Amino acid sequence: MPLYLNDEQAMLADTAKDFVAANAPVGHMRALRDSDDPTGFSRALWKQFAEMGFTGVLVPEADGGLGLGHVEAGVVLEEIGRNLSPSPFLTTAVAAVAALDGTAQRERWFPGILAGDTVAALAIDEGRKHDGRIAMAAERSGNGFRLRGAKRFVTHGHVADLLLVAARTAGSAEDADGITLFAVPRDAPGLTVTAERLADASIAAGIAFDGVALDADAVVGEVDQGSAVLARLLVAGRAGASAEMLGVGGGAMDMTVGYLKERKQFGVPIGGFQALQHRAAHLYSEMEVARAAVLKAQQLLDAGDPGAAAAVSVAKAMTGLAATLAVQEGVQMHGGIGMTDEYDIGFYMKRARVLAEMFGDTNFHANALAQSAGY
Amino acid sequence: MTEDLDAFRAETRAWLEENCPAAMREPVRSDKDACWGGRNYVPSCPEQKQWLDRMGARGWTVPDWPKAYGGGGLTAAETKVLREEMKRINARNPLNSFGISMLGPALLKYGSEAQKLEHLPRIARGEIRWCQGYSEPNAGSDLAGLATSAEDMGDHFLVNGQKVWTSYADEADWIFCLVRTDKSVKQAGISFLLFDMASEGVSTKPILLISGYSPFCETFFDNVKVPKANLVHELNKGWDVAKYLLGHEREMISGFGLAAGEDPLVTAARKGIDPLLRAQVALFEVRARAFSAMSEKFLDELKAGKAHPAQPSMMKYYGTELNKTRHELLMAAGGSDTLEWESAASNHGAAPRAWLRTKANSIEGGTSEIQLNIIAKRILDLPS
Chain A
1 MPLYLNDEQA MLADTAKDFV AANAPVGHMR ALRDSDDPTG FSRALWKQFA EMGFTGVLVP
61 EADGGLGLGH VEAGVVLEEI GRNLSPSPFL TTAVAAVAAL DGTAQRERWF PGILAGDTVA
121 ALAIDEGRKH DGRIAMAAER SGNGFRLRGA KRFVTHGHVA DLLLVAARTA GSAEDADGIT
181 LFAVPRDAPG LTVTAERLAD ASIAAGIAFD GVALDADAVV GEVDQGSAVL ARLLVAGRAG
241 ASAEMLGVGG GAMDMTVGYL KERKQFGVPI GGFQALQHRA AHLYSEMEVA RAAVLKAQQL
301 LDAGDPGAAA AVSVAKAMTG LAATLAVQEG VQMHGGIGMT DEYDIGFYMK RARVLAEMFG
361 DTNFHANALA QSAGY
Chain B
1 MTEDLDAFRA ETRAWLEENC PAAMREPVRS DKDACWGGRN YVPSCPEQKQ WLDRMGARGW
61 TVPDWPKAYG GGGLTAAETK VLREEMKRIN ARNPLNSFGI SMLGPALLKY GSEAQKLEHL
121 PRIARGEIRW CQGYSEPNAG SDLAGLATSA EDMGDHFLVN GQKVWTSYAD EADWIFCLVR
181 TDKSVKQAGI SFLLFDMASE GVSTKPILLI SGYSPFCETF FDNVKVPKAN LVHELNKGWD
241 VAKYLLGHER EMISGFGLAA GEDPLVTAAR KGIDPLLRAQ VALFEVRARA FSAMSEKFLD
301 ELKAGKAHPA QPSMMKYYGT ELNKTRHELL MAAGGSDTLE WESAASNHGA APRAWLRTKA
361 NSIEGGTSEI QLNIIAKRIL DLPS
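Sequences listed follow chains A and B, in order.
Each residue of the first sequence is one higher than the one before, counting from 1 in the UniProt record's numbering.
Each residue of the second sequence is one higher than the one before, counting from 1 in the UniProt record's numbering.
The reader is advised that the hints may include incorrect statements.
To be verified - Under the rule of at most 27 Å between Cα atoms (straight-line distance), these lysine-lysine pairs were calculated in the BS3-like manner: (1) B:306 / A:261; (2) B:377 / B:237; (3) A:129 / A:350; (4) B:306 / A:17; (5) B:359 / B:32; (6) B:303 / B:109; (7) B:377 / A:261; (8) B:377 / A:264; (9) B:303 / B:377.
If you are wondering where the hints come from, they were derived from the structure by calculation, not from laboratory data.
These numbers come from a predicted model, not from an experiment.
Excised from the complex, chain A in its bound form (with noise of 0.2 Å):
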């Protein structure tokens, strides 16, 4: 399979294109947060995405979805990163869905996402990084289970109807076995959700589980062989978060040289100088490098290729420098002006840390990527 879109992947992209720009550009972002909205997202736009079709790209024919597969999710994510658009897509129809997809628990939770009603979060991290580490007990408890513990960076987790959460059914917090991923609906009893808004103005949730009751066809899966399924649901999200990066860079970049041809100092554009042509050519290569890294990336998910967790991590690795880099080179180029709140370039910036901390940061993937190699 060649390594550019196909025509039906660039239509897809260009549909997408027009769609987020139109309903849900850099403004409304600015709007959501200057009114200080509690959702932190659109319920009407998430409807319109479903409208659209697009919270069923990765829901398979026979559940009434679309049947795409990641480069089609991507093409979506990096819209929405381009516009710096709030929407749950990557954690509810990128993130949940690759992990409820042939289990049990689809027939309850895909009509909701296709219908654009349900928005789903991810209850994963439990300290400031994400690190692999799940401490959080499930006991059992009559048929079912208990949940008691904590999770963190639960983006909206406080509005959120379905929260898929890891727990731990067996063994101790660093291994990888004994794990199990629930389904809990978020207006359980004993949950307490802390909303938080983040650098970025989007919000995400602390959550307190106390005693939680869980039946026990609350489990997505298997009980102790939650590993797969949260593997699932990690690679799809962190695929998704590269192709959403690869967005927020890409827009950062683009803005950015625009500016440097309008911008002029000493009587010509600054862009004509060598100094900042270097930088621009420099930040094009690095863009274009992890733009190559996160389709590679999705091609290999989509063909079930063993070698598809490693590849993601490249790219989201490779996308954490080249947006991070993107966002530095864009508020440096623009001058004092970058440095104003009425200037977009700044809410680029904001974004990419947020994104480059999900699932995992540049140095956790890069961390992997070399104990699996061997050193």
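With the hints as your guide, set chain B onto chain A.
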């Protein structure tokens, strides 16, 4: 279509298993261990010659060239499958050749039928080794400022002047050479000539580099007679050919950023490495693996006509800078072992000499700074 490709993959895999000698599935140990072919070719081992002949007979040294010119006549998809299957068994490139990577594509586009038939099959079989006469003492980054002249003498050209940084000129059989045929204009006064390095009046002088080796030469032309039939494309249109060829040269050089088989840096890291260096290597490997995807994407886009015409500049810039970093890290990982210059244990200083050699990667074929200029102007459309 997919079924045909699957069948082709199965056949190719079986043929490679049968025909690629075990010794040719080992990494190339040094520059001298690679096969360059040519009139004076001395194989480093019998398997090397066997591998060249078998691949050459199938046209698979140049899989996507037409069969009529000694190629394999494969489609882009088949060529990719062949490359993947060769990579799967770590098969060596059967033939390193400037004829394949640079001149061939230019001849396919601009050569006359007679020139194609004369030169391409010999390139494919590794019978003639080519060198490139581009840079001159006063024409480096400003290549079009070249002065080597070709005077029209009726039935032939008379070539006089000097080239520099001519890779392996002392071992090459023929040269493709940029010459000035009109002094009154710059780019529009350049022509593209082919001639035999055994012609009277050609001499070469190797340049000793910081690596202790001499991969480059000064090349002198003193009243060299070149038949008119050896002019490629039209008179004074050589710059078109040169630009086209430079794109291919940069694409080849960008392969420098890729490790064949396992990255030697990973091998070195596995032997034990301090935590700070390990972190640098791990971050380097992210870029190296991402660039390997970039290389695949670039070739796919090139074949489909989707690549930006200036994209080779990005590939050249990124790949060469990456390779320089790889060798800096290899030197740090190797410690004093990689300082030994002559010992047998160090394979005559293979590591430090390779490290020093990579410093030319971002100079030859257009410096990194020139590539960044090209990206800024032609891709980002920044003002002059």
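Structure-based check of each hint:
With a C-alpha separation of about 26 Å, the suggested pairing of residue 306 of chain B with residue 261 of chain A holds against the 27 Å cut-off. Only pairs whose Cα atoms come within 27 Å are accepted, and residue 377 of chain B paired with residue 237 of chain B is accepted, the gap being roughly 24 Å. Restraint check for residue 129 of chain A and residue 350 of chain A: satisfied, since their Cα atoms lie roughly 17 Å apart, inside the 27 Å limit. Between residue 306 of chain B and residue 17 of chain A the CA atoms are separated by roughly 20 Å; this keeps the pair inside 27 Å, and the hint holds.
As the CA atoms of residue 359 of chain B and residue 32 of chain B are separated by approximately 19 Å, the hinted pair is consistent with the 27 Å bound. With a CA separation close to 15 Å, the supplied pair residue 303 of chain B and residue 109 of chain B stays within the 27 Å bound. At roughly 11 Å between alpha-carbon atoms, residue 377 of chain B and residue 261 of chain A fall within 27 Å of each other, so this suggested pair holds. The hinted pair formed by residue 377 of chain B and residue 264 of chain A meets the criterion: a straight-line CA distance of about 17 Å does not exceed 27 Å.
Taken as a hint, the residue 303 of chain B and residue 377 of chain B pair is honoured in the structure, with Cα atoms around 24 Å apart against an allowance of 27 Å.
When each numbered hint is compared with the structure, no violation occurs for any of them.
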